[in-house]
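Chemist: Spelled out, the chains give:
Protein chains: 2
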Amino acid sequence: MTQSNAMTLALDAMGGDSAPDIVIDGAALALKAHPELNFLIFGDEKQINPLLNSYAKLKAVTSVIHTDEKVESDEKPSIALRKSKQTSMRLAIDAVKDGRAQGVVSAGNTGALMAIAKIVLRTLPGISRPAIAGIIPNRKRIAVMLDLGANVECNANHLTEFAIMGDAFARSVLHRDNPSVALLNIGSEEMKGHEEIRDAAAMLRKNKDINFSGYIEGNGLLNDEIDVVVADGFTGNIALKTMEGTARFIYKVVSESAKSNILRKTCAMLSYPLLRSTVKDVKEKADPRRYNGAMFLGLNGIVIKTHGGTDAVGFKYAIDEAYELVVNNVNDKIVEELAKSEPKEAANSDAAPSEREVS
Amino acid sequence: MTQSNAMTLALDAMGGDSAPDIVIDGAALALKAHPELNFLIFGDEKQINPLLNSYAKLKAVTSVIHTDEKVESDEKPSIALRKSKQTSMRLAIDAVKDGRAQGVVSAGNTGALMAIAKIVLRTLPGISRPAIAGIIPNRKRIAVMLDLGANVECNANHLTEFAIMGDAFARSVLHRDNPSVALLNIGSEEMKGHEEIRDAAAMLRKNKDINFSGYIEGNGLLNDEIDVVVADGFTGNIALKTMEGTARFIYKVVSESAKSNILRKTCAMLSYPLLRSTVKDVKEKADPRRYNGAMFLGLNGIVIKTHGGTDAVGFKYAIDEAYELVVNNVNDKIVEELAKSEPKEAANSDAAPSEREVS
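Chains as they are written, first to last, in the numbering used here: chain G, 1 to 359; chain X, 1 to 359.
To be clear, the hints were calculated from the coordinates, so they are not data collected in a lab.
Among these hints, one or two may not hold up.
Stated by the list, open to error - Facing chain X, a subset of chain G residues (Cβ under 10 Å, in silico): (1) Tyr55; (2) Glu189; (3) Lys192; (4) Glu195; (5) Gly218; (6) Leu222; (7) Ala231; (8) Thr235; (9) Ala247.
Said to hold, decoys possible - Taking lysine-lysine and the DSS-like style, the derived pairs with C-alpha atoms no more than 27 Å apart in a straight line are: (10) X:Lys83 to G:Lys192; (11) G:Lys192 to X:Lys192; (12) X:Lys252 to G:Lys140; (13) X:Lys46 to X:Lys57; (14) G:Lys206 to X:Lys76; (15) X:Lys140 to X:Lys192; (16) G:Lys252 to X:Lys333; (17) G:Lys32 to G:Lys59; (18) G:Lys252 to G:Lys206; (19) G:Lys252 to X:Lys46; (20) G:Lys140 to G:Lys208.
Using N, Cα and C, we set each Cβ at its ideal position, and we do this for glycine too.
Isolated chain G (complex conformation) (with noise of 0.2 Å):
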């Protein structure tokens, strides 16, 4: 922690579809929500310096760190790692893991910046992986889900500490006394699904600081009551943009209903306010992008990974998020709760990511 109530965070300048342009007026943005940033800006000075000279506040608590090299968007994860250790993206992660940063943010390539990541930060003592997670709206206004993506292939272990880590999220940044944790699975029956959710299941009924609620359907995702969602990431990143696509196609059938009919349509040119509004709230509600960021957990700092896609807006957003899990010390609860846990064997055995999962 840098002094007083001052905290810096690390961005990489480079990464997302509109870089840097989002990234300096994302960053102008959240310094309005959070007047005691400061950041440390990587990448293209050339670049970056022009976009500063309109925000004077900004760049009077920015650093730029200069370099003409970064990590491109469809680049192999196990390549981004192997190259140049003067990427911004790597840069970045350095300054987090120096402490001149308590976090940082990136929209660039997810496979490169969790590969990089996992071997500057490693994982925090007593996790073996890091896992991505994400919020998502339900019958309890949010909750935290993870993993969206990073491990592929988990074992029980694995699961029951992405329900560690998102149980200590839920408690610390959502703010939930004794949260609920469920686990993704076809049926609520105790025999279903694959064999390491059942024994993931097993070991977090008989773990006393977990609030462990069974198992969570796919359509209880959205309309269930829950704090945790644990999946395996090849489940979670399925089971999100699923939501993500469904909610999209529905908007587009809406607004394509509104339009198709000749009764309709003029009902609608009254009414289209109404609509549209109606809409946003949902979008508000629902859309993912609200929820910009998601977020690594489980490594020694905070990484905050924002869509390729995102603007400024999008790009605020993840600085909050990042802002939020600093504040609210989720990796010292995420020790904390792991060490209320039973002892570990093999924590930390696959630290090191192999070939296959940085691919």
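Given chain G, put chain X in place with the hints provided.
Modeler: Chain X alone, transformed into the frame defined by chain G:
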């Protein structure tokens, strides 16, 4: 096939929450749409006969086969399989086995229906495991998706068989030429996802009779132009239920939003009919209840399972589906497509369901 164009379907009158009423009402609706249908209805004649008295035409083409026994909705498939051979579900499937009916429809216990159908009907030559298929809406109007939950663990051979069955279904029932087939995965790159998916992709790329278009992601399910989506039963079930749940969540948010604001409330009173008809449009296009029946593909006989909570209209849709599958000879097409594919070792080798699969 029975004489002329007549077709006989076996109905399990005792499966589902509102049986046998919805079964008889549904059959009466289906008969209006397809006057060439005959029915064998299995269940408690004391309940069925009074219902049939309301429908003279249906009664004339129906034989009621009495039994006092039925499979309970919460019964373990392994128990349902072993206990009486006199349940309405078992007798209805036996009628297909004996050639007295061309297909069977049940709103009963899914696991029991699959377990009994596998044992009684056996798989088609060349198919090692039957799959549950369903219809989803998309940019190409509709697509078929399988497996939706019959097979939690699948290898590359199983996925390839599902692809061939889906292809045959799209050709024969959806009348698509050269249907496009995709594997559900977490990215579009060749190296993504589980090994069995990558191996299945390699097998499908080599298969000249399949128009394999690579991987589809969760957000593409309802938004891409594809004819056949292939997944293992775990992933397919998660994705299907997530679509259902997301649609339900959005309808709820839309209707709550329209009620939550005074200005909007007034406006809503004026335009409620618009909103209502729009939501109805969306439901008709997106709601999986429209395509109520889950189709068991890969068996020597047509088996349709509809939701336990379905109403008469839903049951009617399920009968429609059985009718379509029989009329379009989907099973002949599957056998034909399989014969074109390379000869497989190990086909039928795991046709007998294990304890785990049916529990």
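Chemist: If a hint holds in the structure, say so; if it doesn't, say that too.
Modeler: Hints, verified against the model:
Interface hint status for Tyr55 of chain G: violated, as the beta-carbon distance to the closest one in chain X is roughly 34 Å, over 10 Å. About 9 Å separates the beta-carbon of Glu189 of chain G from the nearest beta-carbon of chain X, less than 10 Å, and the hint is met. The interface hint given for Lys192 of chain G holds, since its Cβ lies 8 Å from the closest Cβ of chain X, which is under the 10 Å cut-off. For Glu195 of chain G, the suggested interface contact is upheld, since its CB lies about 9 Å from the closest CB of chain X, less than 10 Å.
At about 3 Å, the closest approach between the beta carbon of Gly218 of chain G and any beta carbon in chain X falls short of 10 Å, and the interface hint on this residue holds. Taking 10 Å as the C-beta contact cut-off toward chain X, the hint placing Leu222 of chain G at the interface holds, the least distance being around 4 Å. A cut of 10 Å between beta carbons decides the hint on Ala231 of chain G: the least distance to chain X is about 8 Å, and the hint holds. Proximity of Thr235 of chain G to chain X holds as hinted, the smallest CB-CB distance being about 6 Å (cut-off 10 Å).
The beta carbon of Ala247 of chain G comes within 6 Å of a beta carbon in chain X, closer than 10 Å, and the hint placing it at the interface holds. The suggested pairing of Lys83 of chain X with Lys192 of chain G holds, with an alpha-carbon distance near 22 Å, which does not exceed 27 Å. Between Lys192 of chain G and Lys192 of chain X the alpha-carbon distance is near 26 Å, which keeps this suggested pair within the 27 Å criterion. For the suggested pair Lys252 of chain X and Lys140 of chain G, the alpha carbons sit about 14 Å apart, so the restraint of at most 27 Å is met.
For the given pair, Lys46 of chain X sits about 19 Å from Lys57 of chain X by alpha-carbon distance, which is consistent with the 27 Å threshold. The suggested pairing of Lys206 of chain G with Lys76 of chain X holds, with an alpha-carbon distance near 26 Å, which does not exceed 27 Å. With a C-alpha separation of about 26 Å, the suggested pair Lys140 of chain X and Lys192 of chain X falls inside the 27 Å cut-off, and the hint holds. For the hint linking Lys252 of chain G to Lys333 of chain X, the alpha-carbon distance of about 35 Å lies beyond 27 Å, and the restraint is violated.
Taking the CA atoms of Lys32 of chain G and Lys59 of chain G, the gap is about 13 Å. The hint holds against a cut of 27 Å. At roughly 46 Å between alpha-carbon atoms, Lys252 of chain G and Lys206 of chain G are farther apart than 27 Å, so this suggested pair is violated. Our distance criterion of 27 Å between C-alpha atoms is broken by Lys252 of chain G and Lys46 of chain X, whose separation comes to about 49 Å. Of the supplied pair hints, the one linking Lys140 of chain G and Lys208 of chain G holds, its CA atoms being roughly 23 Å apart against a limit of 27 Å.
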